[in-house]
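Novice: Here is how the chains run, residue by residue.
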Amino acid sequence: MPSPTSKPRGILPAALFAVVTAVVVVLGIWQPFEPGGGDLEIAGGGDPVRGEALFAESCAGCHGEGGVGGGGGPSLVDSPIDEETATRTVLAGRGTMPAGILGGTDAVDVGSYVVQISGAVEGAVPPVAEEPPLGPAGEVQLTGPRLWGIFVSLAQPAGATWTIWLDGGAQDALRVGEIPAGQTTFADPDLGIGTIIDQYNRVIIGEQLQDFALATDELSEARITALKALIIGEGNPPGANSLVSVAGEQFAVFSDHTRFLVEARDEANLANIRFHSEHLVNIALGAPIADVDQNGEPTNPGDGVGLLGQDGREGYLPQIDAAAGVGTIAPLAELVPAVEATVADARVCGDIASVEAAGPCVNAIEARSAKLDQLWGQVPDAARASAVLALERP
Amino acid sequence: MSVNVFVADVSSGYADLMETVFTSAIVGKAWLATAAIVLALVQLLSAGRIYGKLGSARILSSRAAATVHRWSGRLAFLFTLPIVFHCVTILGFQTTDTRVAVHSVIGSVFYGAFAAKVLFVRDHRYPGWVLPVAGGTLAALLAVAWLSSSYWYFTEVRFGF
Ligand code: HEM
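Note that the protein sequences, when read in sequence, are chains A and B.
Going by the numbering used here, the first sequence opens with residue 271, and the numbers climb by one from there.
Going by the numbering used here, the second sequence opens with residue 8, and the numbers climb by one from there.
Bear in mind the hints are in silico, worked out from the structure with no lab data behind them.
It cannot be assumed that every hint is accurate.
Pairwise CB distance ranges (calculated) [stated by the list, open to error]:
(1) B:Leu85 <-> A:Glu537: 45 to 55 angstroms
(2) A:Gly340 <-> B:Gly20: 27 to 37 angstroms
(3) B:Leu85 <-> A:Ala288: 22 to 32 angstroms
(4) B:Pro139 <-> A:Val338: 50 to 60 angstroms
(5) A:Asp348 <-> B:Leu85: 45 to 55 angstroms
(6) B:Leu85 <-> A:Thr431: 42 to 52 angstroms
(7) A:Val338 <-> B:Gly20: 29 to 39 angstroms
(8) A:Gly582 <-> B:Leu88: 41 to 51 angstroms
(9) A:Pro427 <-> B:Leu51: 51 to 61 angstroms
(10) A:Pro427 <-> B:Leu85: 52 to 62 angstroms
(11) B:Asp104 <-> A:Glu504: 33 to 43 angstroms
Anything over 12 angstroms on all C-beta distances counts as not near chain B; from chain A, calculated [unchecked claim]:
(12) Pro318
(13) Gly340
(14) Gly438
(15) Glu477
(16) Glu491
(17) Ala496
(18) Ala499
(19) Ala560
(20) Asp581
(21) Ala592
(22) Gly597
(23) Ala603
(24) Val606
(25) Ala608
(26) Ala637
(27) Arg638
Anything over 10 angstroms on all C-beta distances counts as not near chain B; from chain A, calculated [as the list claims (entries may be wrong)]:
(28) Val532
(29) Asn570
(30) Asp573
(31) Val575
(32) Gln580
(33) Ala600
(34) Gly647
(35) Ala655
Owing to the predicted nature of the structure, the values given are computational and were not obtained by experimental measurement.
Ideal Cβ placement from N, Cα and C applies to all residues, glycine included.
Using the sequences and the hints given, assemble the complete structure.
Specialist: Written out as structure tokens, the structure reads:
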């Protein structure tokens, strides 16, 4: 305890204040966990075609279909913007536009689409609004990571002001918005009711709830269960996660081991070449795990389910395929055989006799890995896109 | 590469955690900040009681008010920690517009002011007016941080859980 007679040091609180404030500011500028930050390739890297679909899903609610404005956000057409600015705006937010609506490559892709419609690219024509393949009357896409929002697109413009209701389940019909006469789309990225399919299984669109002009085929119980397993996951605790995210983790482990294998080759470490090859096989196939390198101990850094599964047991990729509707997720058609090819190469490498002999199988695995990453990268979005209801005239 | 994987995990892991209770991380932060504001109000009232400034409105003894003051303060500070973790490490110090710039600056200053206030509480050699001024400033800074984030979100974007 200081003696009551000693004088307080006026400089101390000021210094403490300045240091703590400065530490927070510096941390904030450093922003160590910036989503999609770091070595994000922003310059010219985006895919505007993918971006267009993402835009319709996540941005059109505020910026209008095709970015022409209307829903609270400004028009993005005819005001040239560069890709970096567009992408950074999506990552960081701006004014009333929330930060982080999309992240990573999604943000870059949507950024490059925004550049296109902004007219900043010479000779670039705003892409003709190319409707996704529609059912007879249109479709309703459930959007967002937890299916909180909807994107409605009609094959033909609404005949009058049409109202959109959610219906079904134990709930009363919920009015979610309207499509003005002559328009074809409606988007709300977050209806504010949580996961829509927890409460509703039907969308009704028309002038009045009673005599609707368009209705959907109902989502069956089985379809809802499948979508939840696929996109949302069981229950709440993080970890009891969706198929897409758990599979993503396994895929990351697979990808890491491809890298370890390449490193082992570069270090001319035969034991590690064999060891990591065994891991690739077991991460891909799951239980029962194999002692590919024959060191007497079968090991598996994966979770035992495997990307592919084996012996009639479905791994993650077949499970995702089934949950989305077999064949719905296009990239899986290439991804599954590519993983199989890597497994075949890894079996060879796992029991190879010398570093030199391992050259071809490691090279083949290395050469395929970028393609694998790219294909997997498309799966989560494609899985979400499978949460769709077809609109049909009753 | 591995850094990026970790980075993605932090922001989506944070969101997952918040989404066990709220519909999104933003909403969760907005409500936690609101809880902190309510506790800050309790801070002001209990401080008023300690200094005998509440006239006839004496529900608590001055000793009880001190306990309430100490614990509501600790709790309010605790509530800001998960928020500020997200603000600082994931969103960062931003100056994209006036609201956001004011928010980042005031949010940062809040922690400096908090450190100074704790010093004033512990060290009794400062003049008597210092502590109430520091406490009031702290509450005002929190109010501005709240107005420029939660209040804005609730009124401009979405009000709900
Ligand atoms: C008392 C401390 C603070 C409180 C109570 C607070 C509260 C909040 C809340 C509730 C939000 C809205 C949710 C969201 O957008 O994720 C938010 C957003 C944000 N905060 Fe903080 N914050 C504090 C300190 C800070 C600090 C120290 C910084 C920067 C160094 C900061 C930077 C930001 C940024 C950049 C946003 C996003 C702004 C936007 O786009 O709307 N905050 N804050």
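Novice: If a hint holds in the structure, say so; if it does not, say that too.
Specialist: Cross-check of the supplied hints:
{"no.": "1", "hint": "B:Leu85 <-> A:Glu537: 45 to 55 angstroms", "verdict": "48 angstroms, holds"}
{"no.": "2", "hint": "A:Gly340 <-> B:Gly20: 27 to 37 angstroms", "verdict": "35 angstroms, holds"}
{"no.": "3", "hint": "B:Leu85 <-> A:Ala288: 22 to 32 angstroms", "verdict": "24 angstroms, holds"}
{"no.": "4", "hint": "B:Pro139 <-> A:Val338: 50 to 60 angstroms", "verdict": "55 angstroms, holds"}
{"no.": "5", "hint": "A:Asp348 <-> B:Leu85: 45 to 55 angstroms", "verdict": "49 angstroms, holds"}
{"no.": "6", "hint": "B:Leu85 <-> A:Thr431: 42 to 52 angstroms", "verdict": "50 angstroms, holds"}
{"no.": "7", "hint": "A:Val338 <-> B:Gly20: 29 to 39 angstroms", "verdict": "37 angstroms, holds"}
{"no.": "8", "hint": "A:Gly582 <-> B:Leu88: 41 to 51 angstroms", "verdict": "50 angstroms, holds"}
{"no.": "9", "hint": "A:Pro427 <-> B:Leu51: 51 to 61 angstroms", "verdict": "57 angstroms, holds"}
{"no.": "10", "hint": "A:Pro427 <-> B:Leu85: 52 to 62 angstroms", "verdict": "54 angstroms, holds"}
{"no.": "11", "hint": "B:Asp104 <-> A:Glu504: 33 to 43 angstroms", "verdict": "40 angstroms, holds"}
{"no.": "12", "hint": "Pro318", "verdict": "23 angstroms, holds"}
{"no.": "13", "hint": "Gly340", "verdict": "17 angstroms, holds"}
{"no.": "14", "hint": "Gly438", "verdict": "21 angstroms, holds"}
{"no.": "15", "hint": "Glu477", "verdict": "28 angstroms, holds"}
{"no.": "16", "hint": "Glu491", "verdict": "24 angstroms, holds"}
{"no.": "17", "hint": "Ala496", "verdict": "21 angstroms, holds"}
{"no.": "18", "hint": "Ala499", "verdict": "16 angstroms, holds"}
{"no.": "19", "hint": "Ala560", "verdict": "27 angstroms, holds"}
{"no.": "20", "hint": "Asp581", "verdict": "31 angstroms, holds"}
{"no.": "21", "hint": "Ala592", "verdict": "25 angstroms, holds"}
{"no.": "22", "hint": "Gly597", "verdict": "29 angstroms, holds"}
{"no.": "23", "hint": "Ala603", "verdict": "26 angstroms, holds"}
{"no.": "24", "hint": "Val606", "verdict": "23 angstroms, holds"}
{"no.": "25", "hint": "Ala608", "verdict": "20 angstroms, holds"}
{"no.": "26", "hint": "Ala637", "verdict": "18 angstroms, holds"}
{"no.": "27", "hint": "Arg638", "verdict": "17 angstroms, holds"}
{"no.": "28", "hint": "Val532", "verdict": "13 angstroms, holds"}
{"no.": "29", "hint": "Asn570", "verdict": "20 angstroms, holds"}
{"no.": "30", "hint": "Asp573", "verdict": "16 angstroms, holds"}
{"no.": "31", "hint": "Val575", "verdict": "20 angstroms, holds"}
{"no.": "32", "hint": "Gln580", "verdict": "27 angstroms, holds"}
{"no.": "33", "hint": "Ala600", "verdict": "24 angstroms, holds"}
{"no.": "34", "hint": "Gly647", "verdict": "12 angstroms, holds"}
{"no.": "35", "hint": "Ala655", "verdict": "19 angstroms, holds"}
Checked against the numbered hints above, the structure breaks none of them.
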